[in-house]
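A.B. asks: These are the residues of each chain, in order.
There are 2 protein chains.
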Amino acid sequence: MANVTIKDVAKEAGVAVETVSRVLNNRGYISQQMKDRVYEAMNRIGYTPNAFAQGLSRGKMNCIALIVPHITHPYFATVIDHLEREAEKRGQHIIIYNSNGDEQKEEYLLRLCQNSLVSGVLLFSADISADALKNLQLPIVVVERTGMANSVNIQCDNRLGGELAACYLLDKGCRDLLVLGTLNNEDMPGDSRDEEFIRICTAEHAQVHRYQASTRQYITMDYHACINQALDEHPSCDGIFATSDLIAAQVIQECSRRGRRIPQDLRLVGFDDVPLAQLLTPTLTTIRQPIDRIVSTALDAIERLGSGHKTTSDIVLPVTLVERES
Amino acid sequence: MANVTIKDVAKEAGVAVETVSRVLNNRGYISQQMKDRVYEAMNRIGYTPNAFAQGLSRGKMNCIALIVPHITHPYFATVIDHLEREAEKRGQHIIIYNSNGDEQKEEYLLRLCQNSLVSGVLLFSADISADALKNLQLPIVVVERTGMANSVNIQCDNRLGGELAACYLLDKGCRDLLVLGTLNNEDMPGDSRDEEFIRICTAEHAQVHRYQASTRQYITMDYHACINQALDEHPSCDGIFATSDLIAAQVIQECSRRGRRIPQDLRLVGFDDVPLAQLLTPTLTTIRQPIDRIVSTALDAIERLGSGHKTTSDIVLPVTLVERES
Numbered sequence: 010m011a012n013v014t015i016k017d018v019a020k021e022a023g024v025a026v027e028t029v030s031r032v033l034n035n036r037g038y039i040s041q042q043m044k045d046r047v048y049e050a051m052n053r054i055g056y057t058p059n060a061f062a063q064g065l066s067r068g069k070m071n072c073i074a075l076i077v078p079h080i081t082h083p084y085f086a087t088v089i090d091h092l093e094r095e096a097e098k099r100g101q102h103i104i105i106y107n108s109n110g111d112e113q114k115e116e117y118l119l120r121l122c123q124n125s126l127v128s129g130v131l132l133f134s135a136d137i138s139a140d141a142l143k144n145l146q147l148p149i150v151v152v153e154r155t156g157m158a159n160s161v162n163i164q165c166d167n168r169l170g171g172e173l174a175a176c177y178l179l180d181k182g183c184r185d186l187l188v189l190g191t192l193n194n195e196d197m198p199g200d201s202r203d204e205e206f207i208r209i210c211t212a213e214h215a216q217v218h219r220y221q222a223s224t225r226q227y228i229t230m231d232y233h234a235c236i237n238q239a240l241d242e243h244p245s246c247d248g249i250f251a252t253s254d255l256i257a258a259q260v261i262q263e264c265s266r267r268g269r270r271i272p273q274d275l276r277l278v279g280f281d282d283v284p285l286a287q288l289l290t291p292t293l294t295t296i297r298q299p300i301d302r303i304v305s306t307a308l309d310a311i312e313r314l315g316s317g318h319k320t321t322s323d324i325v326l327p328v329t330l331v332e333r334e335s
Numbered sequence: 010m011a012n013v014t015i016k017d018v019a020k021e022a023g024v025a026v027e028t029v030s031r032v033l034n035n036r037g038y039i040s041q042q043m044k045d046r047v048y049e050a051m052n053r054i055g056y057t058p059n060a061f062a063q064g065l066s067r068g069k070m071n072c073i074a075l076i077v078p079h080i081t082h083p084y085f086a087t088v089i090d091h092l093e094r095e096a097e098k099r100g101q102h103i104i105i106y107n108s109n110g111d112e113q114k115e116e117y118l119l120r121l122c123q124n125s126l127v128s129g130v131l132l133f134s135a136d137i138s139a140d141a142l143k144n145l146q147l148p149i150v151v152v153e154r155t156g157m158a159n160s161v162n163i164q165c166d167n168r169l170g171g172e173l174a175a176c177y178l179l180d181k182g183c184r185d186l187l188v189l190g191t192l193n194n195e196d197m198p199g200d201s202r203d204e205e206f207i208r209i210c211t212a213e214h215a216q217v218h219r220y221q222a223s224t225r226q227y228i229t230m231d232y233h234a235c236i237n238q239a240l241d242e243h244p245s246c247d248g249i250f251a252t253s254d255l256i257a258a259q260v261i262q263e264c265s266r267r268g269r270r271i272p273q274d275l276r277l278v279g280f281d282d283v284p285l286a287q288l289l290t291p292t293l294t295t296i297r298q299p300i301d302r303i304v305s306t307a308l309d310a311i312e313r314l315g316s317g318h319k320t321t322s323d324i325v326l327p328v329t330l331v332e333r334e335s
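As they're listed, the protein sequences go chains F and P. Just so it is clear: in the first sequence, position 115 is 124 by our numbering, and no numbers are missing. Just so it is clear: in the second sequence, position 264 is 273 by our numbering, and no numbers are missing.
Here chain F stands alone, though its shape is the one from the complex:
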């Protein structure tokens, strides 16, 4: 079984070796019929490439570890989805850890990953200190943080996101605006979503008020208390920028309970553009994060770091506004 090669698969399927390789690596266009033919041939002769411990002979597992503070949060569920697809294309496997946003546990998991000889780590953390990464010897990409030592930092263009949201709502005639976000312990690039939104609204002489949920609310994913306070204090607001689609879903609920119609009475813009945005009623106008590009850029960086190459350490990827019903 161990001696069966990609050449045997090609022979069994009656196709070129290059075709088998393209199916295995999901490269270029391959018809479903061709995929089936190649997988059937592999299954018939028992070919199994790329078990994830195979790389151990080179001192590395063919594994990327993902560390996130949440798994069911729609943003991280989408990250996991894209990471699995992108890793598969590269013959990598993914291991998933939930840190529950606990900084101590994040440090522990990073050392665990180092001991496990994974190819690299993709870390989402609001709390980890720059110091904690200093002495680690494995490729690390940190998303939505800046200035972290010994790692590549990737973020979406949060400032542009705040600008797009502000311009859209002002353009629709909103003059009494709210921005709902999360209060972070550390400086996060994501804070500039709110800041830029406020800057532009203020420059345009519109009213704008900022509310920030606690870290606890972020971890429990329950923003209703913060949203209700904002709506109680500003009952006539006509435009809301929620800095995640998850917050926006809960804004829709609270507005519905108050009989405030979206978009007739007030308009709502989210952030992320995860599948949830299309499942809400009304469907959500939102700022789209390029999660697919964040993930592929992260894997590129891990590859480059792993092979000892230098790579850009701070990467910013663009966002766009997706207009739907809200």
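Treat each hint with caution, since some may be false.
For identical chains, the list gives no copy identity; a pair is met inside one copy or between any two copies.
[Stated by the list, open to error] Computed list of lysine-lysine pairs in DSBU-like fashion (alpha-carbon distance at most 35 Å, straight line):
1) Lys143 - Lys20
2) Lys143 - Lys16
3) Lys143 - Lys44
4) Lys69 - Lys143
5) Lys181 - Lys69
6) Lys181 - Lys319
7) Lys98 - Lys319
8) Lys44 - Lys98
9) Lys16 - Lys69
10) Lys181 - Lys20
11) Lys69 - Lys98
Everything labelled a hint here was simulated from the structure, so no lab data went into it.
Since chain F is already given, all that's left is putting chain P on it; use the hints.
C.D. replies: Relative to chain F, chain P alone:
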């Protein structure tokens, strides 16, 4: 670093060895303060237990592989979340594969897992044949299938779910009912959600019509065409049983577009009780799957199979109705 033991951690933290072990295994009640104290001690002295290749000396990785047809589908995102938590308690790590519901790829991934020496596989598949599992030599749990060879099969009590949904809607006075599900290639336990619902509605002389989305719609998670056909053909229906919360979310959208109010004009019951159910407007009355118990029962079965013990091969876990606004 490799010589640092759990005893050293206990000494450094000034706690009992048993306490460190409880923190590591998430066993019993441990205060956040105690967790921090233990993790901090581990981080100070560089203790890292349980790298996932550690078990290789025993011929097994400390890894559970999860194979699902979707990752962002809210049911599977919830499964991943519970699996990560439950695996952590047991000192196991999880590797995630997306089969895209492709039977050939599922077979391929199973052989890959066998070659990778994982402790076991948790497989969600609508298509895999009983034959495909026959010759594999690793612990396999298949969820929501029955009669699969060489594996443990776990399902929720789908029949009870259909019954609870029917009784609830009839009790609320609904007499013109729809059930919306997915048409499967293979016999699936999930089919009895619809069947039992129809049986009870018919026995109570209520009108009931069944609509089934295609496998293609299931994979793309877009049920709007099927829902619109059902609502076009039964404009006066007063109760809908959607066999997943994801379908229910899209029913809410289509009803809103038609100006049909939930629950005033018609009532809606979902299935799964994933976080999405609480994010919809109105919040969703649904049948709760015990996803936490499905996952822990699966890991129990993998442990028993791995140590050569016999175990029950068909397990059915109960469901409950959760009443919300719909």
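A.B. asks: Are the hints correct? Go through all of them and say.
C.D. replies: To see whether the hints hold, each was checked on the structure:
| no. | hint | result |
| --- | --- | --- |
| 1 | Lys143 - Lys20 | between (50 Å within a copy, 26 Å between copies) |
| 2 | Lys143 - Lys16 | between (44 Å within a copy, 27 Å between copies) |
| 3 | Lys143 - Lys44 | between (44 Å within a copy, 23 Å between copies) |
| 4 | Lys69 - Lys143 | both (21 Å within a copy, 32 Å between copies) |
| 5 | Lys181 - Lys69 | neither (54 Å within a copy, 60 Å between copies) |
| 6 | Lys181 - Lys319 | neither (46 Å within a copy, 66 Å between copies) |
| 7 | Lys98 - Lys319 | within (23 Å within a copy, 38 Å between copies) |
| 8 | Lys44 - Lys98 | within (14 Å within a copy, 38 Å between copies) |
| 9 | Lys16 - Lys69 | both (25 Å within a copy, 29 Å between copies) |
| 10 | Lys181 - Lys20 | neither (62 Å within a copy, 63 Å between copies) |
| 11 | Lys69 - Lys98 | both (18 Å within a copy, 26 Å between copies) |
The structure shown violates the earlier hints numbered 5, 6, 10.
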